[in-house]
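Chain B: place on chain A using the hints.
There are 2 protein chains.
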Amino acid sequence: MSVLEYVAKRSPAVEGVLRRLLSGTEPGELREASLHLVKAGGKRLRPCLTLACCEVVGGRAEGALETAAALELLHTFSLIHDDIMDHSPLRRGVRTVHRIWGEPMAILAGDALFAKVFEALSLNASRIGMDGRRTAELFRLVSRASFELSQGQALDLLLSRRLNLTEEEYVRMVSLKTGALMRACASAGALLGGGTPSQVRRLGRYGENLGIAFQIQDDILGLVGEKEEMGKPVGSDLREGKRTLVVCLALRRLRGEERRKLLGVLGRPAGKGEVEEVVSLLVRRGIVEEARKRAREFSERARRELGGFPRSEALSFLEELADFVIERRV
Amino acid sequence: MSVLEYVAKRSPAVEGVLRRLLSGTEPGELREASLHLVKAGGKRLRPCLTLACCEVVGGRAEGALETAAALELLHTFSLIHDDIMDHSPLRRGVRTVHRIWGEPMAILAGDALFAKVFEALSLNASRIGMDGRRTAELFRLVSRASFELSQGQALDLLLSRRLNLTEEEYVRMVSLKTGALMRACASAGALLGGGTPSQVRRLGRYGENLGIAFQIQDDILGLVGEKEEMGKPVGSDLREGKRTLVVCLALRRLRGEERRKLLGVLGRPAGKGEVEEVVSLLVRRGIVEEARKRAREFSERARRELGGFPRSEALSFLEELADFVIERRV
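Just so you know, the sequences run in chain order A and B. Residues 1262 to 1591 (my numbering) make up the first sequence, in order. Residues 1262 to 1591 (my numbering) make up the second sequence, in order.
If we strip away everything but chain A, and leave its shape as in the complex, we get (with noise of 0.2 angstroms):
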């Protein structure tokens, strides 16, 4: 079953929940803001990696459902606090909350979201009725990846000012603000599936490297994709100085003259052209190249995890996915 076909069975199921858990919030400013991303779309990768999990464990889709509608709250608080620190006009194609909002506003949102993924944990966990061992440590799976995205976020600026950054503190940074995320998704629905700890902490280890090639594949298309497509101005990550795996490979191997063009771009407000030249120069160098293996070795290692469970359509998603996260477009 492919990527887009499990997600088309699965999330509208996910889709009711998520306007349920918010629908009724007063005051309307709250609600609007704090739907206003989740209306906009997005593919529901994350809520759908839950619900994966959770069968290819031996569990059904339908007992992850709030888990999996939180775990894209999350997501999405994390993108509305995400392009207040970056003041990003543009999100899936839409304006930002703050645009529309205000930044106060865009903040509550953004909190109001975050408050809802634990109370949609707990009606999962109630309705279900899972016992206190197996609750605690759902809370503590989506506590913990919230903690480390909040970690990812502030590696994220601290690096923004180094010119000196290695591939590892990369991959740590990217581990903790993509990573996390997805090794929750991942972990959470395998727990709720009634999966044993050692395939609970084995797709967990799926989700991380999934999010780790994820992220490396976003970092690529935020240069050489097309902004109708990616809902935003491509090269905006070189002009706001973001440190992708990209920048990091090019800090460490252009020298002279193209070094000097790349700092000319680097979290400066360049010209359309000086950023086409760069990009094109680290096209021509070969490192989004070898970006691009990086992220299929990650996406290698997340299907390794998958080895040793029972062939399902659950399975040959989590199987798609981890090439579809690297073979995207979008």
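Keep in mind the hints are simulated off the structure, nothing from the lab. Values in this document were obtained by computation on a predicted structure and should not be read as measured data.
Treat identical chains as interchangeable: a pair holds within one or across any two.
Straight-line distance between alpha carbons at most 20 angstroms, and here's what the computed SDA-like set of lysine to any residue pairs gives:
{"no.": "1", "residue 1": "Lys1503", "residue 2": "Glu1290"}
{"no.": "2", "residue 1": "Lys1503", "residue 2": "Pro1288"}
{"no.": "3", "residue 1": "Lys1503", "residue 2": "Gly1363"}
{"no.": "4", "residue 1": "Lys1503", "residue 2": "Pro1365"}
{"no.": "5", "residue 1": "Lys1503", "residue 2": "Arg1521"}
{"no.": "6", "residue 1": "Lys1533", "residue 2": "Glu1501"}
{"no.": "7", "residue 1": "Lys1270", "residue 2": "Gly1324"}
{"no.": "8", "residue 1": "Lys1300", "residue 2": "Leu1265"}
{"no.": "9", "residue 1": "Lys1522", "residue 2": "Leu1426"}
Frame of chain A, contents of chain B only:
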């Protein structure tokens, strides 16, 4: 036992947990930013409320330590984000987090504390081996309060543009902004102490009414308190246009020249002299006294919920706390 004696006896153990929860955080900037207001002090009334409610239903305070610390972190998280939204320069007598580390790191420091809240709850639940139903209920109580906190702050933001708010709207706003967290402190403590559902609800109502009384007194101190004791400039609430109970009552009572004077400072960069004149007008017209009367009513409602609990140190603390929150000078 007086409020301060109980706090002196119980809060050192909470301090220890607070530091332990955050001490290992990387990167260091995130650790320092998130610990900044925790270290700056605060009265620690909220965690002590949790411990006392645990004791008053027959539990041991030690069994609720991580939850008590978690609720202090939840309070601190909201202060950090609140200060960003209000552009406040000072809090607890020290510079605010965003003034020292910048807004992006302050947003993340708040988010990181928020995540730790739920990690701490899950540590607590695991340590004492709570069953699934109570564990899910603990998370539900705290996540609901967190959500209401965001709702209250959003209402605060929206009401600050209105000139015709009713006392009911004010009470609704502070019961969300301040009452919900104190309700969660009390009911989580009672839940951890093994309280019956009826005890958990009664102590929850105690906490909510206590919180409303506390907020009204906070509003009054913001007008007529001493700068040194408050740790922030007196009258700043007026200049920021905050809809405190005093302002709410004044907007309904004052007419003609007196109303014009109030509107001349409300939400405006008014001079010290003008602000002082308005404050003395509010005192002279009995509006501050009327707000004090309302605070006493909520404090009495809180006290009434304590009837029927057996005499103990913890019960005396809760009784005296109901007076303390409306008599405090700081």
